[in-house]
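Using the sequences and the hints, build the whole thing.
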Amino acid sequence: MFGGSRTFAVVALIASLLGLLFAANSTLDYASHLDRRLHDVHCSFIPGASATAEAEPCRVAMYSPYSALFKESLWGGVPISLFALGAFTFYAAFSLYLLLLAERAPLGAVRFFSLASVIPFLVSALMFAISLLKLGQLCKTCIGIYIASALLLVSGLMGLSSLGNEAAAPRPRTGLVMPLAWLLALGLSSLVPAVVYAASVPDERPFLTQCGELKLAEPKQGELLTLRGARAVQPALMFEDPLCPTCKAFHERLVNEGIFERLDTKLSLFPLDSECNWMLNEPLHPGACIVAKAVLCGGDQARQVLEWAYTEQTELANAGKASAGALKAKIRQRWGDTLARCVDDRKTEVRLNQHLHFASDNSVPVSTPQVYLGKRRLCDEDSDIGLRYTLSQLAPEVLK
Amino acid sequence: MSGLESAGASATAKLAGAVATGIGILSLATVTGLVHSWVRGAGERLVTPEAERPKVAVADQAEVQYCTPRFKEVLERVLHSCGLAADETRRGCKPSDVKTFASISDDDFNELFTPLKDRGGVIQFDEGMDDLDEAGKKLLDDKWFARKGARYFFVVARASKSGTQSKNRALSHRRANSVMFHLKEVANDPELEKKVGLLWLGNEFAQLSKEYCNWQTSRSDQKCDDEAINRSAFVSWVDCRL
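Order-wise, the sequence lines are chains A and B.
Every position in the first sequence, counted from 1, becomes a number in this note's numbering once 1163 is added.
Every position in the second sequence, counted from 1, becomes a number in this note's numbering once 4 is added.
From the structure, some residues in chain B lie toward chain A, with a derived Cβ separation under 10 Å: (1) 17; (2) 30; (3) 33; (4) 39; (5) 154.
One side only, chain B facing chain A, incomplete, derived with CB under 10 Å: (6) 28; (7) 51; (8) 60; (9) 153.
Rather than coming from a laboratory, the hints here were simulated on the basis of the structure.
Backbone N, C-alpha and C fix where the C-beta goes; we use that ideal spot for every residue, glycine too.
What follows is the structure, encoded as structure tokens:
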């Protein structure tokens, strides 16, 4: 029905090697970032394709709380790809065993393999659901692992099917001991890379506080926007640009992980648009000044306007590139005439200018997003891959 | 299956098992070794300073082309000497101060402000008067609220040649104050004093020539001559890091 004993073993071996390759890419990306530098990320369906800067979905997956375990006790956590790496190594070796023996492979071995092939599939199905439902994005490297897992399951089913087709001599039988030993080997194999990784991770604590401080102690009353979370315990200051994709991803992470609700955030709008921001020679995000003004005009609804801007970011960015009028029309359509008039008000321009001067008075880097806990700036790498660890060190109450 | 065949099959199975186990252990060791080397490599890079760390610009006040060293030198001297740069009680500079502190000729002083032609504006007053008319207020508001990245706002008040030196000195002082009082009303800025530099030159230093009538003035629809252009306060943000 599904093929012979060798065929399923060959498929299993290919699936395992494929899974091994994608898991290795993912692990390498994770491990590279432990040096706190900027790195491209592997994000391709093609096994062995080189890392790229255009890898937003893979970055989102990497920074998410679902990509690694123990993120609060280890900088970046222990990536789950390590478990896949070990498991696929086991499956590859076991497939080779089945391939070498073909129809002489013990019955218990084929059954064990078929049953064990379900495990990566179930884990992949869970991660696939999380990617879709929680992250709203699918990373190509992850999809590679999902495909390898599905292929492994298919090979397992083929193996089971091949047992029913056999008219030849009966296969040797194994007792219970061997399947248990294989299960133990699978478990150990899955754990070893993760344990070695966790044991080798460098101590990042000395670097957490090395990214500068604000020059001024506090923003003046009413100078910045206040976005206080429902269960706020920690004052924080953020510099954000409503048309910056990284700000959007960061904000969504904070909200999804429940961190935003624990922060008493002062928001300094920092549009990377030379129309209002003199620190740029040309607009990086055309229209960001207008959207930033809309956020300021939101008043009590400032957070809703900001989150609307993030949700509609692609459309707003395109409108911003087209013309100021097109962008303002979108703002008017969603938020009405009053807010649209406020965007054009000179007072709003002055308020936005104050936000930008707050940035220049504090000599902050010209980049977004930026987070400050008290006066201390979180390093970029500590506000993405190392966020939960950094918070556990500098503001543990946020994670409670 | 004969006993010999069975023994042979069993030996093959054992050999295959041994080969697969060996390869499995070797693969796992290789994979684990790779992971270890990746992490160790990152650890070593972590404590090794980057040779070419990407430079990130730092937010700062604007600095445009006209901010020549000479321009900044004169303005800095004026700022410090007129009590703007520090928390001093003294506010503003009278003509003799400016002459002394700026250490510059009349023409050179005016020449410094030439690049501010588009950024600034000339607010004109009636003869002998120091109150701002509506057009003056509007021009002042327009200029004040177009701050962009500037830190300092300069007000350079003057008086025309008619009248005595002391009278004109006092008149230009009052004109500078009128500008300041209006800014206090509209700006709602507790740090206004740290931003606005007041200079009043009377009729004794750096008089404007008729050419300045071509600048943006509050009375562009009226006749402008050497007298009218000096019954004024020139206002402008200065986009220099002083």
